[in-house]
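Enquirer: Protein chains in written order, with our numbering: chain L, 23 to 307; chain W, 199 to 458.
There could be a bad hint or two in this list.
Said to hold, decoys possible - Simulated coverage check for chain L against chain W, where a stretch passes if three residues somewhere in it have a Cβ under 8 Å from a Cβ of chain W: (1) 150–164; (2) 255–269.
Unchecked claim - Cross-link-like lysine to aspartate or glutamate pairs, in silico, DMTMM-like; alpha carbons within 25 Å at most: (3) W:Lys319 / W:Glu359; (4) W:Lys310 / L:Asp202; (5) W:Lys319 / W:Glu381; (6) W:Lys309 / L:Asp166; (7) W:Lys319 / L:Asp199; (8) W:Lys309 / L:Asp202.
Treat the hints as calculated values from the structure; they're not laboratory data.
Think of the CB as a built atom: it goes at the ideal place given N, C-alpha and C, for glycine as much as any other residue.
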Amino acid sequence: MTSIIATMAPAEPVTFARQARMRGYVTMGGPPLIVFALFVAVWYLISYGLLSERRRFLLPPPHDVVSVGFLDWHNFAEILAGLGSTAAISLAGFAIAGTIGFTLAVVMSQSVAMERSFYPYAVALQTLPVLAMTPLVGLWFGFDTFSRILICSILALFPIITNTLFGLKSVEPSQRDLFDLMKAGRWTRLWRLEIPAALPNILTGLRISGGLSVIGAIVADFFFRQGDPGIGRLLDIYRASLETERLYAAIICSSLLGLALFLTNTLISRHVLRNWHASAHSKSS
Amino acid sequence: MTEGATTVAVRPTEGAARSLLAFRGVEMVFPNGVHAVDTVDMDIAPGEFVSLVGPSGCGKSTLLRIASGLARPTAGEVVLNTGHIAYVFQDPTLLPWRTVRQNVELCNQLKKLPKAERAEKARQAIEMVGLAGFENRHPNQLSGGMRMRASLARALTLEPEVFLFDEPFGAIDEITRERLNSELLRIFRTRAFAGVFVTHSIAEAVFLSTRVAVMSARPGRIIGEFDVPFPYPREPELRSTPEFAALTGEIGRCLRSGAQ
């Protein structure tokens, strides 16, 4: 009798747990899947219902986009190569923006004079239309990889500066008092208190900048046509040759690139903050 | 407990004449013109536990900040006859990214003590406040009372001779608070520091202290001092004795007279 109970007992909760987990997946994944299905349905409706055959190239039906853009290996390989080039540029720009932005924020946090001197220009950098700058950057630095990376990092710089600076400056006063009592020096304070306390903000800044660096790299692709063609360059080529199936495939791929970077940053952020910050425990970000 | 009321307060250490901490005509006017503290004179001798009670904003916490060197008085001076001073803040002030152990080690880490030494001091302090077994938790995994214990442990690692408490149990529920009061007294008896304790609660002040100083509303002055005659160790039942009620009543009257 006891042995039966002993073997039976654990079986029940496990099935319940599995059912609960399945239900969890369905409730989590259900709504976005429904929206996706609706999206595809509307897409078909426009392709076949609204557009005449002559104008169908404006919005080719999804299965054409998939078969031409993704399943034709020659086409897909070209898109992948462009994506790789753009990804490399945006990662480089992101890394440069991260390093410079973090350093500038730390310098500004350490002295009011520094903050007053530099912050207005950081804001001005944000309001500067990057598109207006690109021809000039091209003239100065050439139409190659360097200029692409430069545009990309200019675009990604601001959120890192502001978020990091905000984080460094919003350390709780009592925690500052504690370090005052221990007569902690500037570096100790920065390293042991301010930077860790600013970590959630720094990570938010990096997440926003990650998305911007992808946009920056694609924009730069349009202008700087030397070197490996990036995805932005391909978009322009497909537009010019009215190869809209490939155009749509390229658009989808470039948004997936942004998404991938965002998700990576979110995962890193959750991992770093897992033990202490509320944002790491919330269900969505 | 009844005979306790007539016994003179026990002073755990010798040399009560030498004061560890003294306020001499301390006055504080903030740059915005707020007159927070008005000529406070007070001596705290070794083995004493002095509570400061007073209405909100009467400068109790300001006095502690002045004593610790976090603030400079606009007049008068503070004489501190020891280098070993610790401060427990109103909120636990733990660093959320550090574990309990790392938080407790923080002060000695900032003082650049060798690793092994600060680990040993942290271990002892954690044990003393009853947090053994929770060393690897992060603050957000602790209750309010446990966070305060961690904060207390961090201060204890400095082996203070003067221990300043800025209303540490103000945000903690009554039951936990009474237990923490008893444990604080146990620590006070083992470590033999001189304590200055800011609180809103007269009962807490009387239960803990050898002396209670009452402050007036702003600008804060000391308008009454009461020796607490109950001997240590004090049991929680002390709170329900008539002598305890009589003393808290007297202090309450003094407080109201100065609160305006």
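Enquirer: With reference to the structure, classify each hint as holding or not holding.
Expert: Verification of the supplied hints:
no. : hint                : result
1   : 150–164             : violated (count 0)
2   : 255–269             : violated (count 0)
3   : W:Lys319 / W:Glu359 : holds (16 Å)
4   : W:Lys310 / L:Asp202 : holds (15 Å)
5   : W:Lys319 / W:Glu381 : holds (19 Å)
6   : W:Lys309 / L:Asp166 : violated (52 Å)
7   : W:Lys319 / L:Asp199 : holds (22 Å)
8   : W:Lys309 / L:Asp202 : holds (12 Å)
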